[in-house]
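**Student:** Produce the complete structure using the sequences and hints provided.
Heads up, the sequence shown is in our numbering, so the first residue is -15 and it goes up one at a time.
If a hint is listed, it holds; no wrong ones were tucked in.
Derived pair list, reagent style SDA-like, types lysine to any residue, alpha-carbon separation capped at 20 angstroms:
1. K11 to I65
2. K51 to V62
3. K51 to V39
4. K51 to L38
5. K14 to V4
6. K51 to G30
Think of the hints as simulated: they come from the structure by calculation, not from any bench.
Computed from a prediction, not measured in an experiment: that's the story for all the values here.
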Amino acid sequence: MEFLMCLLIPGAAYVLGKAVLRVLYGKKEKLTRQDNFIVGGIVIIGLAQVANILVAFLGRTLSFGTKIFLVAFVACTVAAIAVLFCVRSKDKRIAFTPGHQVLYIIFGLLVILQAAYIVAGMPVYLGGDMT
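**Tutor:** This is how it looks when you write it as structure tokens:
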């Protein structure tokens, strides 16, 4: 499951960031892919914080908080995909420069290495919850 999440989170961060920036700025501004990833990461961190605060106020366990985060994450990603389908753009695609290609290759290798480390490592199991 962790391996699947490691593969889906970067894609979902891109989609979330693109949808948020499209709603906020429309097509007026020239925004890059990096902007989409940064804003998407901020949205995901915000969702995690909301789930954490909700668990703290409700007095529930952290495992319940991960379920809340997962539901919120999936709901926001589906909503972002719906927003992007509603406001499709007809602009031309931005061509990759060699510098961008190198950065994306490095990013992809780091994601693959992290996913391989998670899959190959011994799973940590705690008998109880830390709260």
